[in-house]
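> So you can see what is in the structure, the chains are spelled out below.
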Amino acid sequence: MISLKGFIKRFLSDPVAIGAGVVLLILVLMAVLAPFLAPQNPYDLMQLDIMNSEMPPSWKPGGDDRFLLGTDAQGRGVLSTIMYGTGISLIIGIGAVIVQGILGVTLGLIAGYRGGWVDAFLMRLADIQMSLSTLMIAIIVLAIFSATFDANTYADYAIFMLILIIGVAEWPKFARTVRSSVLGERNKEYVDAARVIGLPPRKIMWKHILPNTLTPVLVISTIQVAEAIMTEAALSFLGLGMPVDRPSLGSLIRSGFEFIFSGSWWITFYPALVLVALILALNLLGDWLRDVFNPKLRRGDD
Amino acid sequence: MTTPIVETKGIEVRFPLPTHFLSRDKPVLHALNTVDIAIQPGETFCVVGESGCGKTTLGRAIIGLQPPTAGEIYFNGQRIDQMDEATRKPIRRDMQMVFQNPYASLNPRRNVFETLAEPIRHLMPETPASEVRETVENVLAVTGCDPSWQRKLPHEFSGGQRQRIAIARALVTNPAFIVADEPISALDVSIQAQILNLMTDLQSKWGLTYLFITHDLSVVEHFGTRVAVMYLGRVMELAKTETLFDAPKHPYTQLLLDAIPKLEGGSFDTPREPGELPDPVNMPPGCPFAPRCAMAEARCRAERPELRPLSNGARVACHFAE
Amino acid sequence: MPLLEIRDLHVAFPKGKKTEVEALRGVNLTLEKGERLGVVGESGAGKSMLAFAILNLIADPGRVSQGSITFHGENLLDLSERDIRSIRGNRISMIFQDPMVTLNPVLSIGTQMIETLKAHRRISDKEARKLCIEKLREVAIPSAESRLEAYPHELSGGLRQRVVIAIALLTDPELIIADEPTTALDVTIQAEIMALILKLCREKDVALLLITHDLGVVAEVTQRLMIMYAGLCVETGQTRGIIDAPQHPYTYGLLKALPQKVGRGARLYQIPGSMPPITALPSGCAYHPRCDRATDVCRSQIPPLENGRACFHPLNVPEAT
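Just so you know, the sequences run in chain order H, Y and F.
Sequential numbering from 1 applies to the first sequence in UniProt numbering.
Sequential numbering from 1 applies to the second sequence in UniProt numbering.
Sequential numbering from 1 applies to the third sequence in UniProt numbering.
Honestly, the hints are just simulated from the structure, not real lab data.
Bear in mind that the values here come from a model prediction, so they are computed numbers and not experimental data.
Treat each hint with caution, since some may be false.
[As the list claims (entries may be wrong)] Between beta-carbon pairs, the in silico distance windows are:
| no. | chain 1 | residue 1 | chain 2 | residue 2 | range |
| --- | --- | --- | --- | --- | --- |
| 1 | F | ALA150 | Y | ALA294 | 24 to 32 Å |
| 2 | Y | GLN254 | F | GLU20 | 49 to 57 Å |
| 3 | F | PRO142 | Y | PRO285 | 42 to 50 Å |
| 4 | Y | GLY77 | F | GLY241 | 54 to 62 Å |
| 5 | H | ARG114 | Y | ALA294 | 42 to 50 Å |
| 6 | Y | PRO285 | H | VAL118 | 35 to 43 Å |
| 7 | F | ALA150 | H | VAL118 | 37 to 45 Å |
| 8 | F | PRO142 | Y | LEU29 | 19 to 27 Å |
The beta carbon of each residue, even a glycine, is placed where N, CA and C say it ideally should be.
Input sequences plus hints: build the corresponding full structure.
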């Protein structure tokens, strides 16, 4: 166990953690406050002017002060689209992890506590799920989805579909983590103590065992958010993710990709930079959390 | 004789061992074999034996953590082993348990108040919140815990303090009967005396009945009213503590007493042959102790001795005891 | 010259970035050839740390910060890791609480024994095998020859600990360090193992450093005794003498607290409170907050170890002659 005070102390004494935390905080604030901070609203077609397309960053010859990081092929400011796009990427990442978490924690808890055939069934299901690549499932489902519905419907529901697909495809990671913690916890005497007073299994699972399995869940959540954002970016890059008029970081990278060789590198470069920073910050924080919560690596100072 | 507070009639616990699902033979571990004990109100009934003798399984069967494969368990004359949860609920108030490892028996994420309030809230849901608080404070005071501990988490306490909290939790529903499974063996020597004294005090103050499970005979001698010596799932000898320690009748009891290291010294001077437990899955037909017994004869290997009363009041499962 | 002599041994662990805490705070100890010494203390008293220090096995980030450990006149702390290895497991053997720490689960008993032997002796496989069987017979393992092919998990806990003892004896050590060798075992098995260790030490004139929390075991096996509390030795002397007339109030309390010392059903003597962790030691004598004899001097000064006890107000002091 680690107290909140010890946790903050550990955080403040680790430069990597502070660095990753600050980067993540800036990116999240940037995304949340995009409607107030962004110089333009890239969703508002009235503000767009095709004459402004492919402008270089403002400090380059031909740059415009209104567009700090230049503009893309449709005349949207790259800075503004990044701010909105980061938000969409984060929503998909966090949303997908919430879906994964709810599914995975529930199924993992049931599998671990019930044991027997329930456990065997759920874990084989997880094995099958894991043997199919997330990207492959997503490509098939999204391809069918985009072929079935017209472009407008697709644009409206793409974000939910992405959350759902990435969420459902990755639940086994949470289920396995939770199950193995439950197996460790369920034979402890505090669980017996709860059974002695006749507490029903449902209450024992949710009120006693679950809180003691959440630490590893927190650690993998952080890394899974990064993973989900990556998956979404990959799908968008393949043209199966977010549509061009509501771009995520992945669709931004894709939309600029074809202009790299014509010299407009900034359309791809800046979103890619932000994506890398975001993923790196999340992964570093995840690793740091894992070390903090791992009693074997704990130093004697907290 | 009064009605025993707890009585077991021929209880057995068998665990099927994991095998390949195609394998023909289904090996079974007999953790408890036809155990009959009757615990009288107000006494400290001790169960001693070495690991694998079934003493913990017996405690768990009585408290309801391990349903028996066969046999009957009674509490104050009522059969409890097949009761449904709703009927059993009021009885659960009267039966509580203290566990061996105070580092595992308290939920690490719950503070002391939550841990102590839970049995009251679940078993006596009509209790008003103010009364819950009052009971918790009362019980903490009785077990030598500071009232300021209530908002703290288990990791802030030492082993001895945690065991006090665990005892307090067992007391909040004002039970009549407590199963204590090796409550002091995880504690340091100087703390063991504190916990034993606390249990003695609580017994005289609250009129508790204990089922005290231990491997340590010197604790039994000090603490027990009656004692059952178990070996491989069976009771070998059952007697009043004084009777057992003054005149142990079963060869296994004698071996156990002989194995206690004594402050006077001298009892380890003669070498001892390695004694091995027989495989509990494929038990030999005769007396389970025969392979280790110096007195064993052909009869012991063929015929299992039943518990029978002796003239000194003890009950012993040995062909030769008298 | 004593076989083993420890002078003013301090073992320190870092706490935070700059400060250190001491797990051992200046321990002295001598052990003659063939002598059996018991080190008794509660968990956290530093008794296992003492064994680890002798074997140079203190895990990073801990370190021996002061003092000397002389074995046959040679300071073990000055030796290179290579030289230490020629002593550890050879002239000084160890028996730990859990046999599985010493035994490798994937190698047969025979392989492990022969390897140990070959690491320290030039010996042919055939002779090594013969010697191993001989040692297994010495520790009364039934059908010793066939046991050489067995794997540790095929043996019971008692037999495993016997194998560990056989391995410890392979190189004819002069000193055996046994750290709680029977704590994980049942009472009857404990009696067998301790009787075996006692017999072997006597027969072979091997010195024994027995670390335990059990005063009964110490009384049965050792000649001298050392009681540790919070990283210091609080009382030392002849085992018999200390058990019959303890001088330090802590030793007195430990002995009085044993159920076998009082009558049936009587209240046990109890020492209040619990041992402080090494990170939060009180001033003066570390035992003073729990001691009913403590006075102002106990609160301000650490009592020196004199006449076998570290106490300003000892009990049972023999009359001056």
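> Does 54 to 62 Å hold as the CB distance between GLY77 of chain Y and GLY241 of chain F, or does it fail?
This hint holds: roughly 57 Å between Cβ atoms.
> Measuring from beta carbon to beta carbon, are PRO285 of chain Y and VAL118 of chain H in 35 to 43 Å?
holds, 39 Å
> Does 49 to 57 Å hold as the CB distance between GLN254 of chain Y and GLU20 of chain F, or does it fail?
holds, 52 Å
> If you check the beta carbons of ALA150 of chain F and ALA294 of chain Y, does the distance land in 24 to 32 Å?
holds, 27 Å
> Starting from the range 37 to 45 Å, see whether the pair ALA150 of chain F and VAL118 of chain H falls in it by beta-carbon distance.
holds, 39 Å
> Is 19 to 27 Å respected by the C-beta to C-beta distance linking PRO142 of chain F and LEU29 of chain Y?
holds, 24 Å
> Does the beta carbon distance between ARG114 of chain H and ALA294 of chain Y stay inside 42 to 50 Å, or does it fall outside?
Distance hint for ARG114 of chain H, ALA294 of chain Y holds at roughly 49 Å.
> Taking the CB of PRO142 of chain F and the CB of PRO285 of chain Y, does the distance hold inside 42 to 50 Å?
violated, 23 Å
Against the hints set out earlier in the document, a violation occurs for number 3 only.
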